[in-house]
Amino acid sequence: EDKVVQSPLSLVVHEGDTVTLNCSYEVTNFRSLLWYKQEKKAPTFLFMLTSSGIEKKSGRLSSILDKKELFSILNITATQTGDSAIYLCAVVPATSGTYKYIFGTGTRLKVLA
Amino acid sequence: NAGVMQNPRHLVRRRGQEARLRCSPMKGHSHVYWYRQLPEEGLKFMVYLQKENIIDESGMPKERFSAEFPKEGPSILRIQQVVRGDSAAYFCASSLAQGGDSPLHFGNGTRLTVT
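Line order of the protein sequences matches chains W and F. The first sequence finishes on residue 1210 if you use this note's numbering, and the numbering steps up by one all the way, no holes. The second sequence finishes on residue 145 if you use this note's numbering, and the numbering steps up by one all the way, no holes.
In short, the hints are calculated from the structure, not lab data. Check before you lean on any hint, since a few could be wrong.
[Claimed, not checked] Below are the BS3-like pairs computed for lysine-lysine, each with C-alpha atoms no more than 25 angstroms apart in a straight line: (1) Lys1154/W x Lys1165/W; (2) Lys74/F x Lys1134/W; (3) Lys57/F x Lys81/F; (4) Lys57/F x Lys1134/W; (5) Lys1100/W x Lys74/F.
[Said to hold, decoys possible] Coverage of chain W stretches by chain F, computed from C-beta distances (three or more under 8 angstroms per stretch; other residues unrestricted): (6) 1116 to 1122; (7) 1158 to 1172.
For each residue, glycine too, the CB sits at the ideal point set by N, CA and C.
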């Protein structure tokens, strides 16, 4: 069965710290992996990754995919309180509908001032 | 530049009542998806619709649940005779092309509570 596992489940850090969030997956016929940030409302799209080893970057956030070892990491540098959220990882299979995202349960990040 | 609009944000229903959840996709998006998030679980796919067509409803319970996306107006997820197990957050998403080619953009969700 296809699945996505995120770790850690939760994390508390202080402003200015750097965090690394992990997402490992098992899926038949991988197509892409996405990261979302979920505050108290809509999951907001962060990155879509399809190729191994190519880092995607947006400000203090970056992400990379390893298709051989079947995982991705999301890095946040110089964290701010506004980064407090649940970070969701989703994998898209190449078969059975490319809209059937398989989500992990998320990592809950809390950044203290 | 409105995103995906869902209403209501919160909905309380008693067991046996009907729940109607509405979703207007982002401007220019014709692909709509409904996902459900149960407590302590990841979002799970329910149904994929395009205008006037259900493309894939494989993730939706066969009984009591239905969805539509009419030519005019929002997409509707309808749950008849709600039970406590239906309590969850229901998210609608839309995309420009079919999901795998462009990321899904989610609405704020409707939190359904069944008492």
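*asked:* Let me make sure I understand: some of the numbered hints might not hold for this structure. Which ones are they, in numerical order?
replied: 6 and 7
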